[in-house]
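Colleague: One letter stands for each residue in the lines below.
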Amino acid sequence: MFIVNKGNKSDLGIMKEPGSRSKAGGRKVEKFKNLPFVKKVGFSRIVLTAVLILMYAIFCITIDGFAGKAHLMGTLNYVYFLGFLSLGVTFVIATGGIDFSIGPVMFCCALVSGYCFLNYGMPMGASLLLCIAVGLMFGLFNGYLVAYWSVPPFIVSMASMNIAKGAAAIFTKSMSVSWPLESADGGWFRKLATFNGFPTGLVIFLVAALICGFILNNTRIGRYILCLGSNKEAVRLSGIDVKKWEMAAYVICGVLVGIAAIFFVGVYTTVQPNYGDQYNNEAIAGCVMGGTSMAGGLASIGGTVIGVFIISLLQEGILAYKLGKDVQLIITGIIVIVAVYADVVARRRKN
Amino acid sequence: MGEEILRMEKIDKSFPGVHALDHVDFDLKRGEVHALMGENGAGKSTLMKVLTGIYQKDSGKITYQGREVNYHSTREAQADGIVIVHQELNMVGDLTVAQNIFIGREFMHGPTIDDKKMIMESRKLFERLKIDIDPSARMKDLTVGKQQMCEIAKAISHECKVIVFDEPSAALTEKEIDDLFAIIRDLRKQDLGIIYISHRMDEIKVITDRVTVMRDGTYVGTLITKDCSKEDIIKMMVGRVIYEQPKEKSLVPDDAPVVLKVENLNAGRMVQDVSFELHKGEILGFSGLMGAGRTETARAIFGADPKQSGKIYINGTEVDIKSPQDAVKHGIGYLSEDRKRYGIVVQKTIIENSTLACLEEYMSGISINKSKEKKATEKVIDELNIKTPSSDQPVVNLSGGNQQKVVIAKWLVKNCDILIFDEPTRGIDVGAKNEIYKLMNSLAAQGKSIIMISSEMTEILRMSDRIVIMCEGRVTGEIKIEDATQEMIMNKATRNIK
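From first to last, the protein sequence lines stand for chains A and B. Mapped onto the working numbering, the consecutive letters of the first sequence carry residue numbers 8 to 358. Mapped onto the working numbering, the consecutive letters of the second sequence carry residue numbers 17 to 514.
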């Protein structure tokens, strides 16, 4: 399974002080945590799934007609692009860094390649590749500055964010770009998201998640990224080229952001310049909620996937409640705070 | 020694899977320095953490100044006059010494912090304790030894009646240890009760009145220091007697090939024109006071820090080492002083740490061969006798000594030919120390070459085939073990000091 985070298991016969308050309820929780199934899947992942299911149940009960294909598809449509954004930023956060440029870069990818398709007659296949290539370029840029120039990731990604917005606006002469509909020429790319009502996007996303999990868990690049996120100097002194691997994390993120762009326009069609910030927070929230630690060194692809579903379902629910975009923003903001706070508390408890 | 100030009775403490304290007794008198000894994992730190409120005991009684107490935090214990100076320093690097000492209880001048007063009070404190440190210096600019003195001063500045020192001398020079002992004698005269946790037998004999030994979480016994011998204490700690004799003669032949040659190495103020040779199968001891430049030399050779000039030859060929990557490629491994910061990735498991330097060798295609990793790790856990329930343990859960062994494990798994051990047995108990010595000797016998940086004279004399002495960035002497004496070494280690 793509579980990297083993930190939930606090009961391996070691010198750790558990929470000093052991009420009867606390003991039951400890017993539950010790079940072999729970240990394998991860306690926090089970809690997250429970939250997801509970949310869905509440929405179905309180909103007329929520249960049903339409809202499910609505949620999934959100999952595709947000999922790839979250997968990407998971790698960056695993190194102890952060990337605030993912949303605007996603839009830049879609704008630039879409513009090329519409106005320069670039074939759809090439446009899709260009989309990913733009993401890759920003990944290289971010990664190089962070790893080789030691610029703090916070600053680099803020700068990238602005560069992405500006570059896209200049390239498209500040106009929005609408990718072709399914019936139109080149519209076949939409089949990547949905094929005759079948959510192909979901399949692609889950396969991608499996691959990402494999990379983090079972390959050298994954091992180095997680270790350097935890203690960069110790890894450097072990003879490893930490700069190369740190940059690699940002490059992987860039590629995944490029793919996210494809799914965004595959579902929502139109992209405009100077947009995309809100998705930064949602992607990061989904990632941190799932167990990836902002401090670096600890990452969970499985958790990210569930986190993405939770946020996507939430968005769909808010839409169905007809609460409006602004409420959406507030709620997302609160979720980010709660998710990151939970991460801090979990880390403190482990120490 | 006066009347009893502290009594801990039948203290019991368990963690999941570990019975850390098994009905342990301990008592402390006023005006006494009472040593607490035991192997790593014996329970000494745990007992002290129970005393000072960091852990809560499961059962047992603590009587302090005649009344029963049960602290829930160090603040509570501190307020009551029980203070602990930790093994790992708790200082804020970017603040000044004075700011660190008065952290949490700053002097205020209206709404602002009165830095001037804090500096003045710190100066008074240092004068009283005869410590020579500038209170306005930034903490991170001080050497580890001086930082420790500040930590001690900070602890003493609280109005305390019981003070616990946890491995206080580990990072101090011989002179600083003398200063520390002067302070401790002073505190004893003031009728404080002092608990002294240390592995250093010589210090115990010099400064303490009684010795309590723990083993595997149990209380073994208490001896009166002047009535017992080192062997008595060691026997109680490990159950066997270990003799620490200096090495008489080196078995390394005079014509053994030179595996590493360093020529005119310059790396800042701490490494000036350093040259030496390392022979195959040799253990080269690097002696000197703290701050002599030994670690800096090692780091420069290893590529961890940049160098200004100098040539490095491995097996006769000049090599260009610009980073640890280059060094490791050429077969050099470096075991740093501060293992938590530089040696291990604390959140990761023993397996992940031990294959870190040579992960390329554990791949099948693009994926990591985890069973091969595990096997190699278990082999080395066995070799080094690392105490852990499994190889999957996050290293953070191991005791200090065992963490040190994991760093050694990493270089063993890599199979380096040249190993630089920087203070390899610091903070490690007698039993584990001997294991590491045995290991070093067996590595040398296998043909590996070792540079051992150490501030412990007995260790240098016991392990080295030859000794290089440094002082303030320069090599001041090079002697064969058969000619070496403590006086000679100390002489050369202090030669450049004006």
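For the record, the hints were derived by calculation from the structure and aren't laboratory data. Mixed in with the good hints, there may be bad ones.
[Stated by the list, open to error] Below are the DSSO-like pairs computed for lysine-lysine, each with C-alpha atoms no more than 30 Å apart in a straight line:
1. 454/B with 263/B
2. 40/A with 386/B
3. 40/A with 327/B
Colleague: Taking the hints in turn, state whether each one holds.
Modeller: Hints versus structure:
Between the alpha carbons of residue 454/B and residue 263/B the distance comes to roughly 13 Å, so the proposed pair stays at or under 30 Å and holds. For the given pair, residue 40/A sits about 26 Å from residue 386/B by alpha-carbon distance, which is consistent with the 30 Å threshold. Restraint check for residue 40/A and residue 327/B: not satisfied, since their Cα atoms lie roughly 57 Å apart, outside the 30 Å limit.
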